[in-house]
Each structure stands twice: as C-alpha cells, then as structure tokens.
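Protein sequence lines, in the order shown, are assigned to chains A and B. Heads up, my numbering is the position in the first sequence plus 1, with the first residue counted as 1. Heads up, my numbering is the position in the second sequence plus 5, with the first residue counted as 1.
Hints listed in this document are in silico derivations from the structure and should not be mistaken for laboratory results. One or more of the hints may lead you astray.
What the hints assert, rightly or not - To give an idea of the interface, some chain B residues facing chain A are shown, with a C-beta separation under 7 Å as derived from the structure:
#1 F24
#2 F25
#3 L206
#4 D207
#5 Y249
#6 W300
#7 P303
#8 L336
#9 S338
#10 Y377
These figures come from a predicted structure and were not determined experimentally. Backbone N, C-alpha and C define an ideal beta-carbon position, used for all residues, glycine too.
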Amino acid sequence: MTYRMKLWVGAGALLSFAGGVALATSPAPRPESLQATELPRHKVPVSKDGNLVVGMCDGETSLEVKGVKEGQSLTREQAARVSAELMETWLKKNPDANWDPAPPPGVAQGQKQAPQQKNPPMGTQKPATGGDIREGGVTAESGGKEVRKEAGVNIQDGHSYGAFTQRDEAVWAASTQQFVDEGHRVFHDAAAVGGTIAVSCDMCHPDASNTHPETYPKYQVQLGRVALLRDMINWCIENPVRGKPLADGDPRLRAMEAYIYAQRKGTKLEYGKK
Amino acid sequence: MGNKFRSIETKHYEERDAFFEGLKRLDRRAFLRVAGMSAGIVAGMGLRSPQSFQLVNVAEAQGTKPRFSFAYISDTHLYEQKLNDRFIRSILKAVDDVNGLDPQPDFVLFGGDLAQLGQAGELKLGAQILKSVKAPVRMMVGEHDWFLDMGELWRDLFGAPNYSFDHKGVHFVVLNSIHEKDFWTERKLTPKERMQIVAGLDNGIQSRFEVGGEQREWMKQDLAKVDKKTPVIVFSHSPLYKYYRPWNFWTDDADEVQALLKPFERVTVIHGHTHQLLSNRINNIQFHGMLSTAWPWPYAPEGLPQLTVQMNRPDPFSQFDGCGDGRMDVLESGLVDKLYNLWERNPITVRASYLASGGKQDAPPRTKLPSY
C-alpha cells in the first residue's frame, strides 16, 4: 500500500470521527414530535484559556487542545493526535469493553488485523455506559442462527436479508401497520386532514373504496394533465374537504397514501386505466 | 327558502315536464301528428337514433298512466350552516325540484339522515327547510338523526318513527330500521362518540342495523288488518336485505321482515342509506334505493344485487354529480316505477316490469363506467 492510500484511509477515519462530534454537539432542529423527549446532549467544559475543547461520543470524555483556540480548525495531524488520545482515555475507563481495535491511522487495511475477540455469550456482557440491557437482547448476529434453527433447514445466514428472526419481522410488520393506521386516522378525521367543513375522506370513500390507486398515473381529464394518486388526494382536500393541499413530504399525505394502497392489496397495477 | 331561487336545471325540467304533460293530453290522431313532426325534425337535424326521444316516452305515457306519484328527498346529511353550507345548497336544490314537479306529487317522502351528527342545530335546520316543501312531507328516520340522543329530538320534531297509512288503495308502512344493539355502554362511549361511530360506514365497532323484535311485532299486527291483495309499500332507511355487511348496507333481521311481507302479492320497499342507484327483487318484493342529495356512495366490493344497473361513476369534480332526488310512480298494478332524478345527468327510470321480469324487459340504460 502506498503512502497516499494510507493517507486516504487515515483521513476517512478522522472525518467520520469529526462528523460524529459535530452531530453530537450541533443543536440541530428536531421535528416537533421529538421535542418532548430530547436526547441527552454532551456539554463539554469551557476552556479557561479559550482553547478548543473536543467531546467524545460517549457523552463524558473531552479533551482540551492546547494551542488551538475555539473556532479554529485542527490540522490533520492535530486531529489524529486528539482522536487517538480520546480513544486511549476511553479504553482506560472501560478496560472490559468488547472493542474491535480499529486500524490506527497509517495502518493499511490489507495488513491483517489483530485476531478478533470472540463475542462473550449473550447476557454476560455488560455495557460500559448506559442502562441495563435485558438479557437475550439483540446481538451483533441478529439471531441468524435462531432463524436457521426455527426453520429447521440449512439456509444462508450472516447477510442482511438472511438473518431475520420472527421478532424482526413482527417489528417491521407492526411499523408498517402503524404507518397505515395513521393514514386510516387522517382519512377518517376531517380536522386532521385540515378540512374546514367537517367533511372527511371516508364520507365518500369507505375503506378507501373508489380511490383506485392502481390506476395512477393517468390523464385526469378534469385537470388537463397527468395526475398521481397524491394529486387527487390533494385535489379532494382542496375541494370537497375545503382544506389546504398538503406538501409532498407531509407525513399526513404519506400516511394516507400508505392507507389507500394498503386497502388495494392484491389489485393488479394498471396505470392509465380509465 | 327554496322557492326564491330556481336553478337552471329546475327550469329546464319544468319546461320539459310541461311539454310531455301536454303530449299526454293529445288524442291519438294529434299524437301521431306530433310524433311524425318530431320525427321529421329529428331526422332533419341529423339526430335520428333507434330510440328517438319523444316517440318512446309518449307511447309509454299512453299505456301506463300511474295511479299516483310521490317524490322523495333523502340522505341530506346536514351540518349547521356556519360549519358547512354545501349540503344545505343540495337540499335546497332538491326542495326546488319537488316543488317544481307538475303535477305535484301526492306527498314527499323524506328518506332519513336529515342530519349528519344528530345535533339539534342540524335537525332543526332540516325541519325548517322541509317546511318549504309544498306537498305534504312523510318523514322517515336515519341513523344519523338518531344516535346522539336516541331519537329524542327527532320524535319531538316529527313524531313517531314508525307508522302506517293508506293512500289511494295502497298500504304504506314506515319503519325505523336503524336500531343497533348496544355497543356503547360497555365501551363507556359518550353520546357524541356513539354518534360519530355510527356516522362512519367503514368501522366494525357499531353493530348491524335491525328492525327489532318489538317493531316486527307491531308490523305483524299492522299488516294483519290489510287484505293480501292490497299493494304494500314499505319505507325503510336501511335496505331491508343483506347487501354488504362491513358498511352496514345491511339489515340483520331482513329475513324475518321479508317473511312478514311474503303473504302479500305486490310489495315494494323504498330505502335510503346507500346513496346510489340500487335495484333488487327477492321473491314478491321489489326494492329501490334512493339517491342522496349530499354525496354518492361507491358500490360495495361484493354483494351487489344482480338486477342492479350501476349508475356511472360520479365525477368528483362536480358537487352534484351522482346525487339527486326522485319520484315514484305507483302504477295501477300497485307496483312502482322508480325515477332517479340524477342531477346533471339524464334521469333513469327503473321500472316495475324490469324487476318483475327478472331483468328481461325494460332494462334501464347500462353503465359506461362501472365502479373499480
């Protein structure tokens, strides 16, 4: 491996670390629904000399960088030194941590890493920080072996789509259903959809009947252009419902689309159908 | 209120009705003369078609003059005006229509669901508007009128929800067919919540409609006094047969009610609730649905009676399309020709002969775009 490649690898590691720091500390605006339960923030101590203080992603450890003032950028070498030092501090604090040693900057991927420590059996591993984790929680393997046992067959596992437990699938199905249910709610509630005359979608479309999502896109004669399902949803909101059309990313619009499509499960897609 | 303004449609239909009424009064010779002239005009305009418009209608008018007619307005689903004037405009249009009928109908049936959520303001507004109907109004109750206070105000305003009367040799029975088994006490629902649930079609929380044992007993005794040869016409908000359970297009004790009607030779059920052109026949009973003035319902995904000719898909871009009112012509036979006065479309008549022949005769025009 050339020195140039090594530099790239090192820079990559550094960037991801810096990104993590930025994410942990930047006061990014949160969606309304999350404001009630704001995530804990890592408040780094302020330096007396006005030096830059870098926080670590564990939410506790921080490091004052001597010679660099708050607001100034670190050079690559300085950043590498800071990250290494922080990591060292963390490892000292957490001697039992099951940490796969990352190749230090300058160590090429091609060189063999230290033999991997075997995962301790489930339930014996205590996390260094954070609360207790219930026994039998998620492991790195996500239960792929259990799937194989459940099915009693010799299937491939260890890749994204091969290692689902029934629990995984239940969670996904529930999440999807939740999305559809939210659509059901909006569809049946004139106020939620922004209507001003107490007309809700279900009043003309029980079970989303006669919404025929499978026929879009199609030329909508009355609009004089090709319409998507969402165009018609918004048309209905504006006209019979007398509300304001929803933005493309509006969660209510997305949820209603989910609900409407869910009601037509099994129907043949036939875009352009009259 | 409704008399001040006459819509273009109303005027058009008035003129049209006057024209046809004039034609009916012609003697045979004059009829042939007019028919020939119209045919000539039509041919001249290049409009000739296998069913030249006037000839067919006049010929029918000669043969099957009805004994009498009554009109209907149904399923108006009123909110209070400050909240929603859309449905109010619709009922006013319907009142205009029935007031514009010439000759006037013997009476106007109100088919239920006057209010949307059973609120006092809604029911009183509806009562007020219906006062401007010129012909006598016969009231029927729907579930939207009932489940806030279990019919208390409705009874105050309009009297008993089930009753019978005789008119020109026909026995009429009006039912309250929107009773439901108690689903609210156990769930500790407020009256408002109960009403809101019943007002929705696609929820499984409410129970299914029924006439109920008590009312069936009343009906049995009422019918016991009636000669079996007397034509019977039943008004019911729910369809009195089993069409589609998930949406409560359904009457749970329909079979028992039909059994009570079985001994009679000619029975017609006129029902609301389904907001669509809907026709059915079960043995001796013919069924006709009524249009809503507020909005059309889609056809249910299954259970549609075979004899039903679907109305073309309503155009969502038109407030009135798929809605309307109508008229029942009670024939000499005692059966009913049902005219669906679909707003902004040509009216459609579903004839007694169509249902009696099992769809072999007098089929209404077929639909171009059936439901999805």
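The hints, checked one at a time:
The closest approach between the C-beta of F24(B) and any C-beta of chain A is roughly 33 Å, which is over the 7 Å cut-off, so the hint fails. Annotation: interface hint on F25(B) violated; nearest CB of chain A at approximately 33 Å, more than 7 Å. Below 7 Å, beta-carbon pairs count as interface contacts, and L206(B) has one with chain A at about 4 Å; its hint therefore holds. About 4 Å separates the beta-carbon of D207(B) from the nearest beta-carbon of chain A, less than 7 Å, and the hint is met.
With a cut of 7 Å, the hint placing Y249(B) at the interface with chain A is violated, because the nearest CB-to-CB distance is about 10 Å. Annotation: W300(B) was flagged as interfacial toward chain A, and the flag holds, the nearest CB pair being 5 Å apart, inside 7 Å. The closest approach between the C-beta of P303(B) and any C-beta of chain A is roughly 4 Å, which is under the 7 Å cut-off, so the hint is satisfied. Residue-level restraint check for L336(B) is violated (minimum Cβ-Cβ distance to chain A is 34 Å; threshold 7 Å).
With its C-beta approaching chain A no nearer than about 37 Å, S338(B) sits outside the 7 Å limit, and its interface hint is violated. Given the 7 Å rule on beta carbons, the hint for Y377(B) holds: about 4 Å separates it from the nearest Cβ of chain A.
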